[in-house]
Amino acid sequence: MTWSLNDSKLIYGVDQNDLYFLDINDQGELLLKLKDQSISFNEIINLVKSQFNSSSLSSVPSFTLRIPQLITEQISKLNTCFQSAIHQYQYSGNFQGIYPIKVNSLSYVLETIKANSPSYAFEAGTVNELDVLLSLLRDDKTRMIMCNGVKDSDYIDKIRGALNDGYSIVISLESCSESTTILDLIDHDLLKLALRIKPYPTVKSHWGSSSGRDSKFGLSIHEFKRIINLLEKRGVKDKVIAIHAHPGSQIIDIDGLRFFVLYLSNRYLELKRLGFTNLNNIDFGGGIPINYDNRLPSDILDNYVKTLVLTLKETITDSDVQPNIWIEAGRFLTAPSSLIIVETIALYSIFPSEESLNDHKAMISSMLEKITHPSSILNLFSHWTELQSPTIDSNVNEILKTEILMKHLKLAIREKMMNFDDEQKFNRIFDLDLDEIFYEIYSPEHILIGNFSVFNTIIDWLLVGQYFPILPIDNLDHQPVSLARLVDKTCDSDGEISIYHPVFNEEKILYTKDGFPLTVKDKKFNLMGFPIGCLPTNFPYYLVIALTGAYQDNIKMHHNLIEPLSSIIIKHENGQWTITSSSQIDYLVDGVIALKTELINNQLIKKISVPKLREAKPLVYENRYTITQKGFRIFKSESEPLFTVDRSTGIKVLDNLLGGGIARGSVVLVEINGEINYFPFFLTLLYNYLTLNHGVIIHSNVQMNVNRILEEFERGQCDISDYLRDGNIVFLDKYNRSVTAVEAKEIRDMINLDDMLAITVEMMQAFGSDTEVVVFGDLTDDVNILNERDFLKLFALQSYNIKEHNAISFSFINYNAVDKKILARLRTTSDVIIRLSRENYSNYIECLKSTTGATFLAKNIEFKKSYPMIEIVE
1 MTWSLNDSKL IYGVDQNDLY FLDINDQGEL LLKLKDQSIS FNEIINLVKS QFNSSSLSSV
61 PSFTLRIPQL ITEQISKLNT CFQSAIHQYQ YSGNFQGIYP IKVNSLSYVL ETIKANSPSY
121 AFEAGTVNEL DVLLSLLRDD KTRMIMCNGV KDSDYIDKIR GALNDGYSIV ISLESCSEST
181 TILDLIDHDL LKLALRIKPY PTVKSHWGSS SGRDSKFGLS IHEFKRIINL LEKRGVKDKV
241 IAIHAHPGSQ IIDIDGLRFF VLYLSNRYLE LKRLGFTNLN NIDFGGGIPI NYDNRLPSDI
301 LDNYVKTLVL TLKETITDSD VQPNIWIEAG RFLTAPSSLI IVETIALYSI FPSEESLNDH
361 KAMISSMLEK ITHPSSILNL FSHWTELQSP TIDSNVNEIL KTEILMKHLK LAIREKMMNF
421 DDEQKFNRIF DLDLDEIFYE IYSPEHILIG NFSVFNTIID WLLVGQYFPI LPIDNLDHQP
481 VSLARLVDKT CDSDGEISIY HPVFNEEKIL YTKDGFPLTV KDKKFNLMGF PIGCLPTNFP
541 YYLVIALTGA YQDNIKMHHN LIEPLSSIII KHENGQWTIT SSSQIDYLVD GVIALKTELI
601 NNQLIKKISV PKLREAKPLV YENRYTITQK GFRIFKSESE PLFTVDRSTG IKVLDNLLGG
661 GIARGSVVLV EINGEINYFP FFLTLLYNYL TLNHGVIIHS NVQMNVNRIL EEFERGQCDI
721 SDYLRDGNIV FLDKYNRSVT AVEAKEIRDM INLDDMLAIT VEMMQAFGSD TEVVVFGDLT
781 DDVNILNERD FLKLFALQSY NIKEHNAISF SFINYNAVDK KILARLRTTS DVIIRLSREN
841 YSNYIECLKS TTGATFLAKN IEFKKSYPMI EIVE
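Per my numbering, the sequence shown runs over residues 1 to 874.
Treat each hint with caution, since some may be false.
As the list claims (entries may be wrong) - Derived BS3-like pairs (lysine-lysine); straight-line CA-CA distance at most 30 angstroms:
| id | residue 1 | residue 2 |
| --- | --- | --- |
| 1 | K33 | K571 |
| 2 | K237 | K216 |
| 3 | K793 | K821 |
| 4 | K49 | K489 |
| 5 | K513 | K416 |
| 6 | K489 | K102 |
| 7 | K102 | K556 |
| 8 | K521 | K306 |
| 9 | K237 | K141 |
| 10 | K489 | K407 |
| 11 | K49 | K571 |
| 12 | K192 | K306 |
| 13 | K370 | K204 |
| 14 | K114 | K556 |
| 15 | K233 | K102 |
| 16 | K225 | K239 |
| 17 | K204 | K521 |
| 18 | K489 | K508 |
| 19 | K361 | K204 |
| 20 | K237 | K204 |
| 21 | K571 | K204 |
| 22 | K239 | K192 |
| 23 | K114 | K9 |
| 24 | K225 | K237 |
| 25 | K35 | K9 |
| 26 | K225 | K114 |
| 27 | K523 | K508 |
| 28 | K272 | K407 |
| 29 | K416 | K524 |
| 30 | K272 | K233 |
I should point out that these hints are in silico values taken from the structure, not numbers from a laboratory.
Can you build the whole structure from these sequences, using the hints too?
Here it is as structure tokens:
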């Protein structure tokens with residue numbers, strides 16, 4: 001069979017449709033194309049190795065390649081397509097793109113859309129997603145945010161706060177109960193509403209259940225009527241600016257799309273007649289398909305857009321009321337922007353490599369004679385079944401001979417099938433229900449082991465059977481030698497992505513060298529494996545899994561404790577290709593902890609540093625994430641400081657013992673007996689630092705006890721209630737409540753130390769260089785939950801950052817409940833140690849109840865003034 005480069009482009013799907021950004025050069029290398037410039041994946045891998053890998057490493061591990069410029073390209077393509085259709089059909093409405101961040105909320109995606117598309121809106125479906133958008137758009141509050149999804153009290157409260165802060169939010173009403181609550185709680189002058197309607201026409205798609213009367217989403221027709229009455233009764237019909245529905249995802253049913261548009265158009269006209277004068281928009285949701293397997297028509301986007309615009313034009317003929325078109329395109333924008341570069345480390349073969357057929361030539365010839373036309377493959381079924389299962393008493397040599405026979409028999413059958421002239425050969429096989437024997441004959445015989453996990457890279461393959469194209473990075477100019485399977489390194493049989501969709505080709509059927517069909521002329525069928533130009537003998541050998549930028553980063557499993565892949569961002573700017581490392585931590589906490597191991601005095605010492613966070617503006621006066629996704633605010637204090645000495649703790653004797661107070665950059669360990677109440681001591685410190693106008697960050701479950709603290713604390717002389725409300729104070733509640741040892745294991749699996757540290761660092765930066773920052777933390781829960789190593793690591797890292805930011809930290813711990821070795825390590829890392837015990841506690845309480853700045857008995861107070869290097873010894 002003659003083979004051309006165009007044949008290769010056809011079967012791999014490159015340089016066309018949604019793999020337009022990939023190509024093959026004359027040397028058979030896979031290329032990435034941006035701005036009419038190209039770079040081979042071999043070059044990309046070498047760049048990564050030279051820039052990020054140690055010279056001692058012989059290979060580059062698997063990684064995710066991020067291509068933000070493709071997001072901009074997809075937005076431009078979508079805008080151009082809609083503008084063209086609007087112009088062609090003389091439609092008077094405008095197009096508005098909306099990006100639902102559930103598709104991919106990584107910072108490179110959000111920042112790219114924000115920076116390159118000033119008019120593009122965003123959609124949040126949960127309070128957590130809204131938190132992200134409020135942070136992203138804090139300097140761009142006029143950009144529209146569509147709030148979809150079920151709205152509990154936290155979500156509604158967050159929306160209300162954002163509206164009061166000047167954000168532009170459209171609230172999608174999705175139930176009668178949430179509509180009533182929203183109208184009760186939110187200032188009507190700030191409202192912009194969309195009615196999310198359940199689309200009764202069903203549109204066939206991969207997720208077609210999103211439409212129809214049984215859909216999870218939207219107002220049923222009776223609820224829709226009740227909402228109309230409610231809005232009229234409350235006098236807020238003029239606040240409705242849009243109606244909204246979702247047809248599903250990956251829509252290729254153009255007729256179904258037309259009925260969907262008709263249904264929404266009729267509801268729109270009906271509402272206009274009922275006096276909804278400001279209703280000028282229809283949000284048609286998502287649905288624009290990505291051509292994952294290259295089987296969709298090349299003009300599918302054009303057909304989708306033209307069908308939508310033309311149906312609107314024909315239904316709503318009055319140009320004065322033709323609505324603007326809102327489209328929530330997520331998958332279409334981001335799917336091309338991410339690729340998985342898989343390092344394969346070994347090749348396994350299903351059958352032995354021995355070629356001796358002396359014992360089997362006659363049998364194979366006899367069996368082949370029974371195949372006179374495609375459907376006669378059925379004549380082999382009984383023999384095939386017998387060969388598949390060796391007898392119980394077969395020895396190793398007998399099984400080996402059978403495997404050799406199977407290998408050559410399958411190859412001989414595939415070769416004979418290739419020679420039939422019948423163009424409908426595969427269709428006839430399926431018509432005769434010969435799927436089982438067909439897939440046995442056409443099952444790949446080679447397995448590549450990938451150094452990655454399917455569970456945290458392409459989880460949609462396992463969850464919903466989403467197809468992802470797999471491409472080798474070289475030898476693409478050759479006729480593929482065979483099909484191969486790709487399996488991951490997890491201990492799970494589901495850890496495999498091995499499927500190939502032969503593409504349509506009316507001219508001829510293309511094959512691998514060993515007889516696997518790569519194209520079809522009519523009926524669809526799928527094969528296991530993927531085409532490969534040659535079977536690798538040297539490793540590592542690299543593959544590309546394409547179109548992974550939608551949903552895969554937001555939906556992952558931590559199977560076998562395999563960490564997510566590293567991320568590399570590639571761009572072509574100013575005539576050069578540049579690559580940078582990108583953190584996979586979520587948008588609000590993408591600080592990265594760097595660990596460097598050195599040999600010092602014959603000991604392996606792991607030195608810890610925290611590079612600067614992503615370049616973001618200071619978090620001043622904004623709601624942001626905490627570990628448990630609870631919001632916090634930073635307020636400006638207008639109170640005069642009670643103590644004017646900058647280093648003062650507010651406790652005179654303690655100040656004297658410490659030479660005037662506690663210096664900036666100090667790590668203070670407060671050891672307490674679990675039988676006593678340390679809150680008065682804590683509150684004295686808190687009150688002092690708040691009145692000094694310092695920033696204060698409180699960790700752990702202290703927030704849960706604020707009311708109890710206030711009850712126990714003497715009001716009047718030291719009333720901190722106003723400062724808790726208005727001071728520079730942040731609550732960071734790590735576990736949301738006190739945790740018992742029984743619960744520790746379950747919670748430990750959910751804790752990300754990097755996140756905890758990154759958030760603390762980000763909050764310290766939020767106060768700015770002009771504000772002194774004090775961090776309070778209760779270590780007791782940390783000891784219960786984390787293992788010893790992680791606990792000490794957390795404390796060391798936080799101590800490091802306290803010094804880096806010239807802050808002060810007070811860490812409280814029950815010294816009776818901690819292993820002595822752990823306590824000793826904590827002391828080593830601390831600059832000041834204070835021990836509160838029952839012996840001096842009662843006298844201390846009396847001091848607090850007297851006058852501000854009362855003396856504090858020094859008995860049993862321990863301290864030191866050393867500044868050790870922060871180390872974790874292996």
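Each hint, compared with the structure:
Note on K33 and K571: the hinted pairing holds, with a Cα-Cα distance of about 10 angstroms set against a maximum of 30 angstroms. With a C-alpha separation of about 26 angstroms, the suggested pairing of K237 with K216 holds against the 30 angstroms cut-off. Taking the CA atoms of K793 and K821, the gap is near 14 angstroms; set against the 30 angstroms cutoff, the hint holds. A C-alpha spacing of about 22 angstroms is found between K49 and K489, which places the hinted pair at or below 30 angstroms, so the restraint holds.
With a C-alpha separation of about 13 angstroms, the suggested pair K513 and K416 falls inside the 30 angstroms cut-off, and the hint holds. A hinted pair counts as satisfied when its Cα atoms are at most 30 angstroms apart, and K489 with K102 qualifies at roughly 28 angstroms. Annotation: proposed proximity of K102 to K556 holds, straight-line Cα distance about 13 angstroms (limit 30 angstroms). Between K521 and K306 the alpha-carbon distance is near 28 angstroms, which keeps this suggested pair within the 30 angstroms criterion.
As the CA atoms of K237 and K141 are separated by approximately 25 angstroms, the hinted pair is consistent with the 30 angstroms bound. Distance restraint check for K489 and K407: the Cα-Cα separation of roughly 26 angstroms lies within the 30 angstroms cut-off, and the hinted pair is therefore satisfied. Between the alpha carbons of K49 and K571 the distance comes to roughly 17 angstroms, so the proposed pair stays at or under 30 angstroms and holds. With a CA separation close to 29 angstroms, the supplied pair K192 and K306 stays within the 30 angstroms bound.
At most 30 angstroms may separate the alpha-carbon atoms for a hinted pair to count; K370 and K204 exceed this at roughly 43 angstroms. Simply put, K114 and K556 have alpha-carbon atoms about 25 angstroms apart, close enough for the 30 angstroms limit, and the pair holds. For the proposed pair K233 and K102, the alpha carbon gap of about 35 angstroms is over 30 angstroms, so the pair is violated. Our distance criterion of 30 angstroms between C-alpha atoms is met by K225 and K239, whose separation comes to about 17 angstroms.
Pair hint K204 plus K521 holds up; C-alpha atoms about 24 angstroms apart against a cutoff of 30 angstroms. Taking the CA atoms of K489 and K508, the gap is near 38 angstroms; set against the 30 angstroms cutoff, the hint is violated. With a CA separation close to 51 angstroms, the supplied pair K361 and K204 exceeds the 30 angstroms bound. For the proposed pair K237 and K204, the alpha carbon gap of about 33 angstroms is over 30 angstroms, so the pair is violated.
For the hint linking K571 to K204, the alpha-carbon distance of about 37 angstroms lies beyond 30 angstroms, and the restraint is violated. A distance of roughly 5 angstroms separates the Cα atoms of K239 and K192; the hinted pair therefore holds under the 30 angstroms criterion. For the proposed pair K114 and K9, the alpha carbon gap of about 34 angstroms is over 30 angstroms, so the pair is violated. In summary, the hint linking K225 to K237 is supported, as the alpha carbons are separated by about 13 angstroms, within the 30 angstroms threshold.
The suggested pairing of K35 with K9 holds, with an alpha-carbon distance near 20 angstroms, which does not exceed 30 angstroms. Our distance criterion of 30 angstroms between C-alpha atoms is broken by K225 and K114, whose separation comes to about 37 angstroms. A C-alpha spacing of about 14 angstroms is found between K523 and K508, which places the hinted pair at or below 30 angstroms, so the restraint holds. For the given pair, K272 sits about 70 angstroms from K407 by alpha-carbon distance, which is inconsistent with the 30 angstroms threshold.
Of the supplied pair hints, the one linking K416 and K524 holds, its CA atoms being roughly 21 angstroms apart against a limit of 30 angstroms. For the given pair, K272 sits about 17 angstroms from K233 by alpha-carbon distance, which is consistent with the 30 angstroms threshold.
Hint check: violations occur at hints 13, 15, 18, 19, 20, 21, 23, 26, 28; the rest are consistent with the structure.
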